[in-house]
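Residue 76 in the numbering used here sits at position 76 of the sequence shown; the count goes up by one each step and never skips.
Hints were generated in silico from the structure; no laboratory data involved.
Treat the hints with caution; some may be incorrect.
What the hints assert, rightly or not - Using C-beta positions, here's what the derived DEER-type ranges look like:
(1) Arg53 <-> Gln29: 14 to 22 angstroms
(2) Arg69 <-> Gly48: 15 to 23 angstroms
(3) His15 <-> Leu51: 16 to 24 angstroms
Just so it is clear, CB atoms sit at the ideal spot from N, CA and C, and this is done for glycine as well.
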Amino acid sequence: MDNKAFPRFLIVEHHDEGRVTVLVHHLGQPRLMVEFEPRLDAEGKVTGGTLKRVCAENAWCGGYGQYSRLVGQAEKFFHRSLESDIPPNRLQW
Numbered sequence: 001m002d003n004k005a006f007p008r009f010l011i012v013e014h015h016d017e018g019r020v021t022v023l024v025h026h027l028g029q030p031r032l033m034v035e036f037e038p039r040l041d042a043e044g045k046v047t048g049g050t051l052k053r054v055c056a057e058n059a060w061c062g063g064y065g066q067y068s069r070l071v072g073q074a075e076k077f078f079h080r081s082l083e084s085d086i087p088p089n090r091l092q093w
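Model the full structure from these sequences, guided by the hints.
Next up, the structure:
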C-alpha cells in the first residue's frame with residue numbers, strides 16, 4: 001500500500017493481556033477516531049475487523065457528510081493496511 005494514499009491517517013494497535021484494540025486516527029481537520037473490533041489469526045495477528053465506534057468533534061453546524069467520507073476512508077485505510085507488505089503509518093504497543 002502506498003502510504004501517500006492516506007497521509008493523514010495513523011493506526012494505533014494496542015495489545016494488552018490477549019486483547020487487541022485497533023484505532024484509526026485522522027490527524028487533519030476535522031479530528032476523528034474510528035475503533036475496530038479486530039479479527040485475529042492463530043498467531044495473534046490482526047486479519048480484519050468490523051467497525052465498533054466512531055469518535056468525532058462536536059460540530060455545531062453539521063458537516064456530517066464530511067465525517068461520513070472520513071469514516072469510509074479510515075475503514076479503507078485499515079483494510080488496505082492488512083493486505084500490504086509495506087507497513088502503513090502504524091504505532092504498536
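Results of checking the hints against the structure:
no.: 1; hint: Arg53 <-> Gln29: 14 to 22 angstroms; in the structure: 21 angstroms, holds
no.: 2; hint: Arg69 <-> Gly48: 15 to 23 angstroms; in the structure: 22 angstroms, holds
no.: 3; hint: His15 <-> Leu51: 16 to 24 angstroms; in the structure: 20 angstroms, holds
The structure is consistent with each of the numbered hints, conforming to all of them.
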